[in-house]
Amino acid sequence: MVLEAEDRVLVAAARRGDLDAFEVLVRRHQTPIYRLALRMLGSHSDAQDVAQEAFIQAWRSLARFRGDSSFSTWMHRIAVNRGLNHIAARRSDRELSPELTDVRTDPAEIVERSAQLAILTREILALSPDQRAALVLRELQGLSYEEVAQTLGVSLAAVKGRIHRARLALAEAMDK
Amino acid sequence: MTDPRDTQLACGTPIVNLVEQVFEGAQASDPGHQADCLHCQAALRKLESVYDRMRGLAAEPVAAPPDLVQNVMRRLRRDRTRILVSADPHGSVTVEQAVIVQIARLAALEIEGVAFASVQLTRGAPPGSVALSAQIVVDYGPPIPSLAATVRDRIQQHVARYGGIPVTAVDLAVEDIE
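For the record, the sequence lines run as chains A and B. In terms of this note's numbering, the first sequence opens at residue 1 and continues consecutively. In terms of this note's numbering, the second sequence opens at residue 177 and continues consecutively.
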């Protein structure tokens, strides 16, 4: 029964402290949230950390979730912010130890995939974090422009500008 | 900084038109020109290649790690006996449930006319808050309704102030009178 309940019903139960209801939400949303983190960060282990922390943060913030967006959009927002924080933290690590590279792709992963997708993945990881987040939400997670704007907390115009610049940057990168 | 939306190809075609044509399915603004223009065709080829790869990447199946749900739920169940009273980007503070209960009990006992107090956490408070039930024994003398209201208010204030967590409800039972 609980498995078929709508998100908003489960959210209401979770807000009352029902962990089993929250577990159903985690199960239901884990794949898109994990994929979002993976596309933003490029590494499975980083993506797992960020996705897990995002769900834990969501549980702790449930009292503040007012339901004016869907649980999915709200979850995306938490995960994107954690992903951006992770990128920022990784950058300051790199400043301390310059041998660390920003773009971490596991070579074993690339082998399994077509070389073309691997190249695109690498180019996406080379975008600025803001552009990358907007592009991944729109092109890979399938959110509408409005949903991307809501998720990132920026204007529609800003989202369109970021995505446009990201697409151009990827096209430019094809020349290399 | 230049606005990339203004950028044009050598033939004068705004690049934004081509991007929207490929990614958003917009109509070609000048199909006649495009059919003959090498600049436009080269740009379209690049954009279409990016678009195709992007669709390929979007369609690529990604499975969440098998232990993700378990890891999350284990952490949350372990947190259960602790109450998160503060979370900010620099870290979090948790307080044992027993500490909250003790604050509530002492708050009640401070009030003149309360001879004994027992407090438990009850289920059903939203995360980030607590709900309590309290049983008190009162001295014969003060009017019970106003004493009960004072107890409830004081518990709420003290748990919020010293425990750092809001109290959504205090179910109070006056169990005996001395």
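Because the hints were derived from the structure by calculation, they are not lab data. Errors might be hidden in some of the hints.
Stated by the list, open to error - Facing chain B, according to a computed beta carbon distance under 8 Å, are these residues of chain A, among others:
#, residue
1, R8
2, V9
3, V11
4, R35
5, F71
6, A89
7, R122
8, L125
9, L127
10, S144
To be verified - Far from chain A, by Cβ distances over 10 Å, these chain B residues were calculated:
#, residue
11, T183
12, D206
13, A219
14, S225
15, E236
16, V238
17, L244
18, V248
19, Q278
20, I320
21, T326
22, Q332
To be verified - Restraint-style ranges between C-beta atoms, simulated for each label pair:
#, chain 1, residue 1, chain 2, residue 2, range
23, A, S69, B, E288, 42 to 52 Å
24, A, E172, B, P242, 23 to 33 Å
25, B, H215, A, L117, 37 to 47 Å
26, A, A63, B, R254, 11 to 21 Å
27, A, R122, B, R254, 15 to 25 Å
All values reported here derive from a predicted model rather than from experimental measurement. Here a beta-carbon is modelled for each residue, glycine too, at the ideal position from N, C-alpha and C.
L125 (chain A) as an interface hint toward chain B, with CB separation required under 8 Å:
For L125 (chain A), the interface hint is violated, since the closest Cβ of chain B sits about 12 Å away, which is over 8 Å.
Exclusion check [Q278 (chain B) not at the chain A interface, CB over 10 Å]:
holds (21 Å)
Since S225 (chain B) was said not to touch the interface, does its Cβ keep a gap of more than 10 Å from each Cβ of chain A?
Violated, since 6 Å does not exceed 10 Å.
Have a go at the F71 (chain A) hint: is there a Cβ in chain B nearer than 8 Å to its own Cβ?
violated (14 Å)
Please verify that hint: L127 (chain A), Cβ, nearest Cβ of chain B, below 8 Å or not.
violated (12 Å)
Next item in the hint list is A89 (chain A). Is there a CB on chain B closer than 8 Å to its CB?
Interface hint status for A89 (chain A): violated (11 Å vs cutoff 8 Å).
Interface hint status, R35 (chain A) versus chain B (Cβ within 8 Å)
holds (4 Å)
Does 37 to 47 Å hold as the CB distance between H215 (chain B) and L117 (chain A), or does it fail?
violated (28 Å)
Was T326 (chain B) rightly flagged as not at the interface, with every chain A Cβ beyond 10 Å?
The assertion about T326 (chain B) holds, with a minimum of 27 Å to chain A.
Go ahead and decide if the range 15 to 25 Å is satisfied by the Cβ distance of R122 (chain A) to R254 (chain B).
violated (38 Å)
Least C-beta distance from I320 (chain B) to chain A larger than 10 Å:
holds (30 Å)
Hint validity - V11 (chain A) Cβ closer than 8 Å to any chain B Cβ:
violated (11 Å)
Figure legend: structure checked against the earlier numbered hints; hints not met, in rising order: 1, 2, 3, 5, 6, 7, 8, 9, 10, 11, 13, 14, 15, 16, 17, 18, 24, 25, 27.
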